[in-house]
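From just these sequences and the hints, can you work out the full model?
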Amino acid sequence: MTAAVTTIRRADQHRTPPAPAFPIEVEHLTKRYGRREAVRDLSFTARPGRVTGFLGPNGAGKSTTMKVVLDLASADEGGAKIGGCRYRDLPDPSATVGALLESNAFHPGRSGRHHLQILADVDGIDRQRVDDVLALVGLDDAGDRRVGGYSLGMRQRLGFAGALLGDPPVLILDEPANGLDPKGIHEMRDLLRARAAAGHTVLVSSHLLGEVELLADDVIVVNRGRLVTSGRLVDLQEAATRVRCSDPARLSQVLTDWGAGVDSQGAVLIVRGMAIDEIGERAFGSGIVIRELSSHTSSLEERFLRWTNIAEEVSAS
Amino acid sequence: MTWTRLLRSELRKLTTTKMPWAFFAVLATMAAINASAVIWGTDFDGSKTFISTAADQRSLVAFAANALMIGGLFGAIAVAREYSHGTVIPTFLSSPRRHRAVLAQFAAIAIGGAIIGFVGAALTVLAIAAALPTTEFSFLISIAGVAQVCSAAAYAGAAGSVVGAGIGAVVRNTGGAVTGAVLALVVAPPMIVQLVKDASSWVPGPLATALSGVSAEAAEVESQASVVAAIVALALWALVPALVGLLSVERRDVA
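Heads up: the protein sequence lines correspond to chains V and P, in order.
Oh and the first sequence: position 191 is 1513 in the numbering used here, straight run, nothing missing.
Oh and the second sequence: position 75 is 282 in the numbering used here, straight run, nothing missing.
Hints should not be assumed to be uniformly reliable.
[Claimed, not checked] Label-pair restraints from in silico Cβ distances:
| no. | chain 1 | residue 1 | chain 2 | residue 2 | range |
| --- | --- | --- | --- | --- | --- |
| 1 | V | P1379 | P | N380 | 27 to 33 Å |
| 2 | V | D1448 | P | S259 | 55 to 61 Å |
| 3 | V | N1380 | P | A232 | 42 to 48 Å |
| 4 | V | D1453 | P | H306 | 29 to 35 Å |
| 5 | P | R307 | V | R1564 | 55 to 61 Å |
| 6 | P | A235 | V | R1358 | 48 to 54 Å |
| 7 | P | D460 | V | E1623 | 52 to 58 Å |
Quick caveat, the hints were computed from the structure, so don't treat them as lab data.
All C-beta atoms, glycine included, are put in the ideal place defined by N, C-alpha and C.
Rendered as structure tokens:
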């Protein structure tokens, strides 16, 4: 797939001018199913030229939000626009937005090639493009086999091929890495990064936080239908210091007394809100032997768990 | 995108799975059963008077009522499985103004239903024509009669498939849609006749029979709608579930 990605990228550079900008704007979106609020007053923007990770625990409202963006579900309040238009008002929706919402939205008795040909028929796309996207996602040899015999990863690739069929400037992908092997994930990441680099808008929901950390420029975190945090991934990374010492309990108390935030992980302390030099000086002043003092950036997973826990505490209170 | 593209896409959906072949297998089986009845079947008195006249033979080959039912099942399964497999999602993404996609889908299914009805009638005619030489009777139906029987079956197949498609769009579950089609085309009509006796000529089965040109005497009914009236009435039977299905798709979220 990588070689094919390179080929497509080169072809795109030759034939297309800079892509027009199509931001995805969600404004005060509320969606209810009966009495249950799936999404509540959610607002965010996914910008062109960026890969935006859309994160949240199961049932947080990610898929519902994507369906409202794509006019597959109606909003109770607020709404969503792509490039300033509702999805249904886009002049050529499937040439503007490529979407992968469900990894299993195929007829099991139909071949992968026929599935794509059906999509191509609607949009007036020629057969060659079907062959191209099958090759792009590495299904050129399996295109004539029935989808019922595909693995989950192959189905995911086929769904991805469908999203890319119209070569759209906007991609909306719900859990695209589901079922993909590490090589497939790597290739997908390269492809999405290349599209963002070409000025396209890429919105990706995922629960594979490590993958999002490698892929996304921006993140939007939702929990229980509400926005928890959003922004550039680098801005949301919190600098911290990892400390190992002779008396973690006492050093934790000392640093807390001086206003630092201390997270004790057994013999290791993760200290926030205090410069690394000051931590060393406070430990020295207290007669505590330092064995390790290093800068530490918390993983997206740690931050995600903290954000969602905070959101749950706020909801509960 | 144009409506023609949508229609082409919907026709490709119908022709790229094994479902049509399953229906053609059913049609071939029904034709074989009819041929067997001609070869080995008799009336109560042991005679073969049920194939002795052109009217009797036409009554035997009249496939429109069967086409109505088989078309209903075809339409219900074709639409409901779109929802159960989720393949309707890319369709609605390409055509977010859903009524256009639904109309194209119903039109493609009507074409499919018409083909099923026509093939069913043609196979039945061929099977009976092939079986008659084993009896003392020859094939007595005129070419015009055969054309009417086949045309009626095609029309009834189309109408039935639209009934099924409308129900499938509302129910969205294959088992439920099939049950709904059977209720609408088989169970409900006699109940309607029981409630409104004058409706006996206007329910789908008798309308399909009238369309095939089967005489009231051969059909063993008191009164019969004219062919034109039967065409209009069957269209109305199809239109109601189709409209309900269309409104349902427009208003409901795609799960």
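Which earlier hints turn out false for this structure, listed by number in ascending order? Result: hint 7 breaks, nothing else.
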